[in-house]
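These protein sequence lines are chains A and B, in that order.
The first sequence begins at 0 in our numbering and counts up one residue at a time.
The second sequence begins at 0 in our numbering and counts up one residue at a time.
What the hints contain is simulated information worked out from the structure, not anything from laboratory work.
Check the hints yourself; a few may be wrong.
Note that the list lumps identical chains together, so a pair holds whenever it fits in one copy or between two copies.
With a straight-line Cα cutoff of 30 Å, these simulated DSSO-like cross-link-like pairs (lysine-lysine) come out [said to hold, decoys possible]:
| hint | residue 1 | residue 2 |
| --- | --- | --- |
| 1 | LYS247 | LYS60 |
| 2 | LYS4 | LYS288 |
| 3 | LYS120 | LYS197 |
| 4 | LYS197 | LYS60 |
| 5 | LYS215 | LYS120 |
| 6 | LYS45 | LYS299 |
| 7 | LYS120 | LYS247 |
| 8 | LYS197 | LYS306 |
Number of protein chains: 2
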Amino acid sequence: MKTIKAFAPATVANVSCGFDVFGFAVEQPGDEVTLTLKKEPGVVVKKIEGDGGRLPLAPEKNTASVAVLAFLEAIDRKDEGVEIYLKKNLPLGSGMGSSAASAAAALVGINHLLGEPLQRKELLPFAMEAERVACGSAHADNVAPSLLGGFVLIRGYDPLDVVGIPTPEDLYCTLVHPHLELKTEDSRQVLRTSIPLKDAITQWGNIAGLVAGLMKPDFGLIGRSLKDVIAEPVRALLIPGFDEIKEKAVETGALGCGISGSGPTIFALSTERELASRTGKVIQQQFQKLKLESEVYVSKINTRGAKVV
Amino acid sequence: MKTIKAFAPATVANVSCGFDVFGFAVEQPGDEVTLTLKKEPGVVVKKIEGDGGRLPLAPEKNTASVAVLAFLEAIDRKDEGVEIYLKKNLPLGSGMGSSAASAAAALVGINHLLGEPLQRKELLPFAMEAERVACGSAHADNVAPSLLGGFVLIRGYDPLDVVGIPTPEDLYCTLVHPHLELKTEDSRQVLRTSIPLKDAITQWGNIAGLVAGLMKPDFGLIGRSLKDVIAEPVRALLIPGFDEIKEKAVETGALGCGISGSGPTIFALSTERELASRTGKVIQQQFQKLKLESEVYVSKINTRGAKVV
């Protein structure tokens, strides 16, 4: 009986100005998936821990098993028997790429168990399929960084074109997760399907600036580019006290601050771990004023992505 | 009597995916401006050559003099007497940044004549003022590269945030100017003021990809990113045979091909001078089939910008 455990990190999608095309991975938190090869064919989700009983065990609905099923079909090994044990450390509906992390860990695990038939990048379509099942859209801005690590640009979806963007040394991420839950699906629905050309121009200036800032690196430019005129103005309405939180984070010394993925988790980037920690405390205090509990996670940017542990 | 001559290069704005935020300069062609300090106060456009008598001599209407007037006002020397002689080598209404080149050359010239009171980057607002007068919008994606050289990102306009993007070695530009004239103002009017979010996402994936491609450098990525789903589909209708031209340019070996600024000039980028020349011939042949005369310019990317000659 072969068994293996894999870890995949939380991710920040959008990164303010890169809606649907940009994301990065953090060191912690992350999901753990244990996979065991069995004699009996079929993929089974044996147990899920940490989800409060809310995630589906049905293999065609759980993101980890959906990803594994898509992978097995692609490598023509549908008859494999796989038992999945999923340990959720990421809160659901948090905007930290919870569904993506489970799928990424499961894929890295099963690929390893079966002797690495595919390259890391080749696992992406199966993780995207899991995203489609989990939240209705096969976006890659969480699964790509969770699988590959670092900052990842999805240059295009048709065909899929994934570009790793070098991560500057000394870049730290603060994540603050308030005890509110937003479904990605709902959070996408508040967005307009048509936007002013003027706002689009602002946004593509900023995403280009963010990529240039990361690559130079130029932390001032990174900070100036961390602006979102598309999703944030609408989604911020779902997060109590957002504008003040952002202001305080930047006052504390963070380069920038925004909504992680579709929220409600807040992310901030800082050039020192100590600044990132202080920013976390300041944001948490803001939520406390509104009687909202929250967790704070501080970590370096994860440049390796999901891994076998 | 102090006199000086300055040159400023043609520029390609938009560069397919960077509408209003991205541009680059070429070595040739460019405009030449000769400035002479006079005793009598006031800015005078003495003579313009190469415009077929079509550009205004009135100082408040000509881009070179508008830029000089704005500069003199800013440095509090409105009483200077300046005589301007403008030699246009850039065709008007061509999409090669004709108005920008005249303004940039005039500014570099007057700044030099008066002992360099301002840094190169500080000249930008005056050149933008000239653009506003020339075509109704104070866009910086021609004036910034014409002044500064290389690829330039206008990260934002409020406040103005101009970012130089490193230029890879061995990048050549082909410009083919068909004898058609489009006014920037008209060419802007065909654009919609509202665009589908889906298209905006495609565009910001591409501009981020183009910046990453230039900085890595990764010529394949540059080529894949040179796509425009916003302005090109509309503006291409004003350029006969555009789709086939583009196809042929890429077949010939160009990394990508698009409309320079608001057109009708076509630009292509190639990794070898010989490829860039061949691409120029192929595009010219396509225009010939439609009985359209054209000029071809092939040059390296200009990384220094406007200069005193």
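Hints versus structure:
Taking the shortest Cα distances, LYS247 and LYS60 never come within 30 Å of each other, neither inside one copy (40 Å) nor across copies (47 Å). Taking the closest pair of Cα atoms, LYS4 and LYS288 never come within 30 Å of each other, the shortest separation being 40 Å inside a single copy and 64 Å across copies. Proximity of LYS120 to LYS197 under the C-alpha cut-off of 30 Å is restricted to the inter-copy arrangement: shortest distance 24 Å between copies versus 35 Å within a copy. Taking the shortest alpha-carbon separations for LYS197 and LYS60, only the inter-copy value of 27 Å comes in at or below 30 Å, while the best intra-copy value is 40 Å.
For the homomeric pair LYS215 and LYS120, the shortest alpha-carbon distances inside one copy (25 Å) and between copies (19 Å) are both at most 30 Å. For the identical chains of this complex, LYS45 and LYS299 are neighbours neither inside a copy (33 Å) nor across copies (62 Å), given an alpha-carbon limit of 30 Å. Taking identical chains as interchangeable, the C-alpha atoms of LYS120 and LYS247 are never at most 30 Å apart, the minima being 38 Å within one chain and 32 Å between chains. Taking CA atoms no more than 30 Å apart as the test, LYS197 paired with LYS306 passes in neither setting, with 42 Å inside one copy and 33 Å between copies.
Of the numbered hints given earlier, the model fails hints 1, 2, 6, 7, 8; all others are met.
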